[in-house]
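Novice: Sequence:
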Amino acid sequence: MKKLILTSVILFFAASFTMAQRYAFVDTEYILGNIPEYADAQQQLDDLSAKWQREIEKKYQEIDQLYKEFQADAALMPEEMKQQREEEIIQQEKAVKDLQRQRFGQNGDLYKKRQELIKPIQEKIYNAIEEIATDKSYAFVFDKAENPKMLFADPRYDISDQVLETMGYAY
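If you count the sequence shown from 1, position 72 lands on 72 in the working numbering, and the numbers rise without skipping.
Careful, some of the hints might be misleading.
Claimed, not checked - Below, computed lysine-lysine pairings styled on BS3-like, alpha-carbon distance capped at 27 Å:
#: 1; residue 1: Lys82; residue 2: Lys94
#: 2; residue 1: Lys58; residue 2: Lys94
#: 3; residue 1: Lys112; residue 2: Lys124
#: 4; residue 1: Lys136; residue 2: Lys113
#: 5; residue 1: Lys124; residue 2: Lys113
#: 6; residue 1: Lys59; residue 2: Lys113
#: 7; residue 1: Lys119; residue 2: Lys94
#: 8; residue 1: Lys112; residue 2: Lys97
#: 9; residue 1: Lys82; residue 2: Lys51
Honestly, the hints are just simulated from the structure, not real lab data.
Modelling step: build the complete structure from the supplied sequences, incorporating the hints.
Specialist: Spelled out as structure tokens, the structure:
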């Protein structure tokens, strides 16, 4: 009997606790779209990416030109010279692929630059969300921009504008 009463009391408190939880959501795409520093950082990243891509494409064109010259001259070359030129072309292709990996790879220069420029903005957003969630006693704050499973969200629980206000941006 005591176990039944104890279980009932625990379930009652657990149910009342879960009903007391408050939820909110933000749209980080909307927030980022209203932060000028993010637009500037994104433009810098786009410019840098385009510059590096042009550099790599130029190197591939140079390799293509070397290969065409090799094909044109191959019939007149001794076998040893053919192998040497082929090896040079292969080495240059490898160097360009390494450069491409260094610039655009998983932990490449573009990734590092993105971390340098975007991470401080993301941390500011997170801190503003955390401040609002603590002040307003939200148990959970969802991001509707990041592939959520949320099928409906009541706009009155959207705190995206409050996040921008907390960060000092007009919306």
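Novice: Is the Cα-Cα distance between Lys82 and Lys94 27 Å or less?
Specialist: 18 Å, holds
Novice: Taken at face value, is the distance from the CA of Lys113 to the CA of Lys59 at most 27 Å?
Specialist: The given pair, whose Cα atoms are some 23 Å apart, holds under the 27 Å limit.
Novice: Could you grab the alpha-carbon distance between Lys58 and Lys94 and see if it respects the 27 Å cut-off?
Specialist: At roughly 15 Å apart (the allowed maximum being 27 Å), Lys94 and Lys58 satisfy the hint.
Novice: Check whether the Cα positions of Lys112 and Lys97 lie no farther apart than 27 Å.
Specialist: 19 Å, holds
Novice: Given the hinted pair Lys136 and Lys113, is their Cα-Cα distance within 27 Å?
Specialist: The hint is violated at about 35 Å.
Novice: Within 27 Å, alpha carbon to alpha carbon, are Lys119 and Lys94?
Specialist: Violated: Lys119 and Lys94 sit about 32 Å apart, past 27 Å.
Novice: Is Lys124 within 27 Å of Lys113, Cα to Cα?
Specialist: Answer holds: Lys124 to Lys113 is near 18 Å, not above 27 Å.
Novice: Tell me if the straight-line CA distance from Lys82 to Lys51 falls inside 27 Å.
Specialist: Measuring from Cα to Cα gives roughly 34 Å; hence the hint is violated.
Novice: Lys112 and Lys124 were given as a pair; does the straight-line alpha-carbon distance stay at or below 27 Å?
Specialist: Distance ~19 Å between Lys112 and Lys124 Cα, so the pair holds.
The earlier numbered hints that this structure contradicts are 4, 7, 9.
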